[in-house]
Amino acid sequence: DAGVTQSPTHLIKTRGQQVTLRCSPKSGHDTVSWYQQALGQGPQFIFQYYEEEERQRGNFPDRFSGHQFPNYSSELNVNALLLGDSALYLCASSLGQSRFTDTQYFGPGTRLTVL
Amino acid sequence: DAKTTQPNSMESNEEEPVHLPCNHSTISGTDYIHWYRQLPSQGPEYVIHGLTSNVNNRMASLAIAEDRKSSTLILHRATLRDAAVYYCILRELNNNAGNMLTFGGGTRLMVKP
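Read top to bottom, the protein sequences are chains A and B. Sequence positions in the first sequence follow the working numbering and run 1 to 115. Sequence positions in the second sequence follow the working numbering and run 1001 to 1113.
Since no wrong hints were added, every one of them can be taken at face value.
Cβ-Cβ distance ranges computed for the label pairs, FRET-style: (1) B:Y1032 to A:G84: 28 to 38 Å; (2) A:N71 to B:M1059: 22 to 32 Å; (3) A:E52 to B:P1113: 40 to 50 Å; (4) A:Q56 to B:P1113: 39 to 49 Å; (5) B:P1113 to A:R57: 39 to 49 Å; (6) B:M1110 to A:Q18: 35 to 45 Å; (7) A:R22 to B:E1045: 18 to 28 Å.
Here are some chain B residues pointing at chain A (derived, C-beta under 7 Å): (8) G1043; (9) P1044; (10) N1099; (11) M1100; (12) F1103; (13) G1105; (14) G1106.
Not close to chain B: a few residues of chain A, all C-beta gaps over 10 Å, as computed: (15) S7; (16) G16; (17) Q17; (18) V19; (19) E52; (20) S65; (21) N77; (22) A80; (23) L81; (24) D85; (25) A87.
Hints listed in this document are in silico derivations from the structure and should not be mistaken for laboratory results. None of the values given here were measured: they were computed from a predicted structure. Here a beta-carbon is modelled for each residue, glycine too, at the ideal position from N, C-alpha and C.
The following block holds chain A by itself, in its conformation from the complex:
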């Protein structure tokens, strides 16, 4: 079992550019959540995808969008990058049917640096 995988590992962009991050969930999982973790802080929830639809969204602007594919993999897109978007972006997968006590499995993250 490969677990949750994310690509790329690191990325450097400039202000105003657009970026796409990718995530493959753990085998058998159908739900993908994305988190942003600034340096020295805990992860902050961006949104969650289940059955190819956004099920829940955190307090992030519309510049942050996502997609889930039929094979449950997911993309996070960020438009018009700002310096403040520099962070570690974490993907987590879980089983959507078990909402209350399910375990979320995290990938290693993508480190995004905006210059």
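We have chain A; now place chain B onto it with these hints.
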């Protein structure tokens, strides 16, 4: 979501027990208590969770106060590999809620050899 309060950091000696406290005085009756930890340069990983009774698994034990306003994560014998940030998280049992995790600042555990 109800808020949790944890110490910013704690120190422990290798092979000694560690008790990581978490206060959640506004917890509701339907909130589960979850613990995750984040090792350096890795994503968070699940440790343990509980509702009312104390829980044990291969990684740790979770002791929940009778009034549920606080809990303690217990590592029975700390190793250097247990050095991480430990997050105490409340998750509401709600049919309409997604299963997002709301992280606070966590407790940075340092383990001395």
